[in-house]
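**Q** Protein chains in written order, with our numbering: chain Z, 3 to 116; chain E, 15 to 128.
Where hints are given, some of them may not hold.
Stated by the list, open to error - Quick list of the computed label-pair ranges, beta carbon to beta carbon:
| id | chain 1 | residue 1 | chain 2 | residue 2 | range |
| --- | --- | --- | --- | --- | --- |
| 1 | Z | A40 | E | F60 | 17 to 25 Å |
| 2 | Z | L13 | E | F60 | 25 to 33 Å |
| 3 | E | S95 | Z | P10 | 23 to 31 Å |
| 4 | Z | R65 | E | E31 | 43 to 51 Å |
| 5 | Z | A40 | E | N40 | 23 to 31 Å |
If you are wondering where the hints come from, they were derived from the structure by calculation, not from laboratory data.
Where is the CB? At the ideal position from N, CA and C, for every residue including glycine.
The chain contents come next:
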Amino acid sequence: DAGVTQSPTHLIKTRGQQVTLRCSPKSGHDTVSWYQQALGQGPQFIFQYYEEEERQRGNFPDRFSGHQFPNYSSELNVNALLLGDSALYLCASSWTGTAPDTQYFGPGTRLTVL
Amino acid sequence: LAKTTQPISMDSYEGQEVNITCSHNNIATNDYITWYQQFPSQGPRFIIQGYKTKVTNEVASLFIPADRKSSTLSLPRVSLSDTAVYYCLVGDASGYSSASKIIFGSGTRLSIRP
Chain Z
3 DAGVTQSPTH LIKTRGQQVT LRCSPKSGHD TVSWYQQALG QGPQFIFQYY
53 EEEERQRGNF PDRFSGHQFP NYSSELNVNA LLLGDSALYL CASSWTGTAP
103 DTQYFGPGTR LTVL
Chain E
15 LAKTTQPISM DSYEGQEVNI TCSHNNIATN DYITWYQQFP SQGPRFIIQG
65 YKTKVTNEVA SLFIPADRKS STLSLPRVSL SDTAVYYCLV GDASGYSSAS
115 KIIFGSGTRL SIRP
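Make the full structure from the sequences, and use the hints.
**A** Here it is as structure tokens:
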């Protein structure tokens, strides 16, 4: 049973560019959350998708957007990249039907903005 | 939001039992306590979750006093591979995932020496 997978593993962009990160949830999971983790800090919640809609959002600007597909996979898009967007981007999946839900994290995508 | 407070770092030796305590004075009635482990450049990994008293699995034990204002993660007989960052989280126990209310914080950096 494959866990949460993310692609690409590493990515280098320049300021002002746009980036798309991808995530496939663990089999049986229907909810995907995205987190940003700066070096030396804990993960910060960006947003969560369920039934192809953004259900919750953290304190991130509109430059951060996402999408969830019918197969529950998800994309994170970041526009007009800033140097401060350099971080490890984590995807986590869970199943809403369980209480309490437990999130399973992917290995992350390391984004470097030059 | 239920905020958590953990020690910034801890050191121990192989074979010892390690106890990491987390304070969560504002924990709500519906909140569960969850602990994650994170190795460098990897996503957090679920360790254990509990609501009250004691929970034990093959990896760790979680002790929660009656007032639930703190919790202690206990790692028996640690090895070098237990060197990681450990996060204590408090989140809603409902089936509706309240990811936006879950704050990771900076975690506890545990270093195990030979």
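**Q** With 23 to 31 Å as the target window, see if A40(Z) and N40(E) comply at their CB atoms.
**A** holds (25 Å)
**Q** A range of 25 to 33 Å was offered for this pair. Does it hold for the Cβ distance of L13(Z) and F60(E)?
**A** holds (26 Å)
**Q** In this structure, is the beta-carbon distance linking R65(Z) and E31(E) contained in 43 to 51 Å?
**A** holds (46 Å)
**Q** Within 17 to 25 Å: is that where the Cβ-Cβ distance between A40(Z) and F60(E) falls?
**A** Since A40(Z) and F60(E) have Cβ atoms about 22 Å apart, the given range 17 to 25 Å holds.
**Q** Cβ-Cβ distance between S95(E) and P10(Z): within 23 to 31 Å?
**A** holds (27 Å)
When each numbered hint is compared with the structure, no violation occurs for any of them.
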